[in-house]
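Hints given; two lone chains; assemble the complex.
As you go down the protein sequences, you meet chains A and B in turn.
For any residue, its number in our numbering is found by taking its place in the first sequence, counting from 1, and adding 223.
For any residue, its number in our numbering is found by taking its place in the second sequence, counting from 1, and adding 1.
These are computed hints drawn from the structure, not numbers from a lab.
Take the hints with a grain of salt, since some may be wrong.
What the hints assert, rightly or not - Short derived list, chain A residues pointing at chain B, Cβ under 8 Å:
#	residue
1	E352
2	Y353
3	E355
4	Q356
5	Q358
6	S359
7	L360
8	G361
9	C362
10	Q366
11	T370
12	D374
13	R455
14	Y456
15	G457
To be verified - Chain B regions said to be covered by chain A (calculated; three or more residues, Cβ under 8 Å):
#	stretch
16	24-36
17	72-80
18	94-105
The beta carbon of each residue, even a glycine, is placed where N, CA and C say it ideally should be.
Residues per chain are reported as follows:
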Amino acid sequence: MNDLGQAFLQAVRLLGSADAELLAIVALSLQVSIAAVVIAALIGLPLGAAFTVTRFPARRALVVLCNSLMGLPPVVVGLLVYLLLSRAGPLGDYGLLFTPVAMVVAQTILIVPIVGALSHQVLESAWEEYREQLQSLGCGAWQAGVTLLWDARSALVTVLLAGLGRATAEVGAVMIVGGNIDGVTRVMTTAIALETSKGDLPLAFALGLILIALVLAMNACAYVIKEAAKSRYG
Amino acid sequence: MLPLRLEKVCITISGQQIIDGVSAVFEAGPRSIIIGPNGAGKSMLLRLCHGLVSPSSGHVQWSGESGSSSRQAMVFQRPVMLRRSALANVIYALAVASIPRAEREPRARAAMERAGLLSIAERPARVLSGGEQQRLALARAGALNPEVLFLDEPTANLDPGATREVEAVIQAIHEGGAKIIMTTHNLGQARRLGDEILFLNQGRLAEHSDAAAFFPKPRSAEANAFIRGELPWD
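This is chain B alone, in the form it adopts within the complex (with noise of 0.2 Å):
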């Protein structure tokens, strides 16, 4: 289904535009992380890459004779839990995805020890921690063998010690074969995670580039900005 083009996206609401003539395209392979300043538009342009929100216009293309858009997942900032177990979650995932009932629980156990959850599994999934509820969130995108797994701030929230083990998780499912598309504005995490950037600013992609070449020199002069005033807390 890769790769995603998105030609001219724009997303206007009550008269703001928030997603300003964005084209951009996304290859399978690389992981491109999404930075840029708060209120750039960044979680805007994942749920409009995931088909959350429609653009007001350009297009959002998927290739591939559907277009389909079944085999993407997203990971949320904040995670959402249903009232039931940690397993339970995963579970309710598949059975959405119509995976066969007899197949769920064994794809669901082996999602969650991957993301070392296997020990809390019968524990009821809003009593977690904060770290083990965004990789429980990351073991039910993941239980899905997503193509393509989009991941909205996933740490935002967490302390490094739970940082460190999301990230792994997320190169984990990186590994099994899962494209991924993340936002954050952690430049330290855009660096160990990313291998392209794109430099979001005011609704506008000002640069697309490889990570290697971002930051030791960004192209634009936004983006040069940016991670001037952002190194001093880096």
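Just chain A, with the same shape it has in the complex (with noise of 0.2 Å):
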């Protein structure tokens, strides 16, 4: 009990002193993250609106393929990433592991099917009362996925939220093709990971209290933009 007080307080000065590192640790962490939910939300958003409007003879596979996908062990990618990157694999010329580029390839690929699997499970409830009123106006599949994405845009929100979650909570595969690299690759919950190995309880946790509040604020803001556009919209 005596540590976790102790962790609190110092997550508390941490964040007081804005410590240089610790800021570029977070900032890291951000950057990372939110470029591997960009790319996820540029493949995943059209594969769940592919998965809702369009009807082709593996889709079912497919679906399913993506829904198991959700829940990749990250330590596997993070280790197909690097097979892939390291000097003799098939990308190594490119010199990319232990970078944060290697860091964004590893995340976006375990959230690709959350997005996807996610999204189409809300684009299909929207089809649902959709699909008759689309047809009847002459929509092709392109113009009513492109409609869907459009007019679920407030649940998608929260799709992507689930995406940044899991990225910036994982460890696993950042820590595999990033190598938590001081001032280079490390990010908040490598930073977790080797302070607590190292033994310094209180400060692994304070981060982990930040890592926290900072999913909570990008949850709030994401339930305050869902509220004002269902008040605004229906």
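Now the structure itself:
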């Protein structure tokens, strides 16, 4: 209990001191995860829309695959990206291993299935309501998909946040492909893992509290946006 | 594109005969009202004519070179509104119909004016009342300047005042040159709006007569029983 209290105090002190090193870690965490979410959105949202408005033979199989990939173990993804980007790997020439880019790649792979599967769920229920009307107006699959994505925008914000939450919280993949290099690829989760193994539990826990506070703040923002949209557009 | 011919069309869904050998011709001009008890297949017949479902057997044939379905519109029992302003909902339909961009807004405003909705053009469509939404759905369909307008129980969820307003808009669209094909279970409405009546029972077309002849004395025993049973509540 004493440790927890200490950790809390240290977290407040850390934040209060606006320690440059801490801010750099937080900033890198956000940069990497937000970049991953943006890329995952560009891939996953059209995927979810395609699952919803098109009917092609392998669709069901792909939906099941996408749903199961939501549970991908981050360390396995990390390992996969490591093998791809390591000097001997197929993409080794680019020298991306142990850079933030490698971390973005790993996190993107982790959250594309989440964005794809969850957006499919959201769009499916909208599609049930809209399908006949849109077909009646003469929408093709492409138009229908774009319309659904736009009309479900406030629900899709929550989907993207789920992806962002997963990205900022995971440690296995970024640890392997980033290497937790001080000042280069150290993010909040890898820093927490490091401080824990060094035995500096209060610092580790303080970092953890900051991480939780960040996630909380992002979700609160999304909630406000969603409620505002709901009261505006019904 | 009229007349529209149905030739021995059947729809079977998981072994159940929903539409059973219906043959009919819809000529340009008279307002055709499809009546019948719940589950008679009225909505299905309308969707079949509009092209939202395909017949299990038989043919749905538009006249004209392509048998095209481009100049038809449909209004559903529960209006489907997109999450944008009332005006934007009408503009959307015009955009899907590939109307040139510059024409869309004036045309949408004119259609909304005919439906008495100009004062609420900028309000979000999904927060409008049921009657306003249904008139907006009519304005959206009317803006497309359809040759045929299908209406599936457009006033089923509305109070008498809203029903009158909706009927007035339907009448205005008809006077603008559109053929009306509409289902209803409200016999009073069938009388007010109908030039010819199609009586559907258990998926079969039991009778197709002029309204003037139908209401005093239906030829078929089923229609006779239906009208007698319904009248006390009319």
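- Taking 8 Å as the limit, does the beta-carbon of A/Y456 come near enough to a beta-carbon in chain B? holds, 4 Å
- Mind checking the CB of A/G457 against every CB in chain B and telling me if the closest is under 8 Å? holds, 3 Å
- Measuring from the C-beta of A/C362 to each C-beta in chain B, is the shortest one below 8 Å? A/C362 check passes; min Cβ-Cβ to chain B is 5 Å, inside 8 Å.
- Item | A/D374 as chain B interface residue, shortest Cβ-Cβ below 8 Å | holds, 5 Å
- Should the interface hint for A/L360 be scored as holding, given a Cβ-Cβ cut-off of 8 Å against chain B? holds, 5 Å
- Query: the stretch 72-80 of chain B covered by chain A? Criterion: 3 or more residues, Cβ-Cβ distance below 8 Å.
  - Reply: holds (count 3)
- Query: Does A/R455 pass the interface check with chain B, least Cβ-Cβ distance below 8 Å?
  - Reply: This hint holds: A/R455 lies near chain B, its Cβ roughly 6 Å from the closest one there, short of 8 Å.
- Task: Return the status of the interface hint for A/T370: holds when the least beta-carbon distance to chain B is below 8 Å, violated otherwise.
- Result: holds, 7 Å
- Item | Supplied contact hint for A/G361, tested at 8 Å Cβ to chain B | holds, 6 Å
- How about A/Q366: closest beta carbon in chain B under 8 Å, or not? holds, 6 Å
- How about A/Q358: closest beta carbon in chain B under 8 Å, or not? This hint holds: A/Q358 lies near chain B, its Cβ roughly 6 Å from the closest one there, short of 8 Å.
- Message: Under 8 Å is the threshold here; is the Cβ of A/E352 close enough to any Cβ of chain B for the hint to stand?
- Response: holds, 6 Å
Checked against the numbered hints listed earlier, the structure breaks hint 16 alone; every other hint is satisfied.
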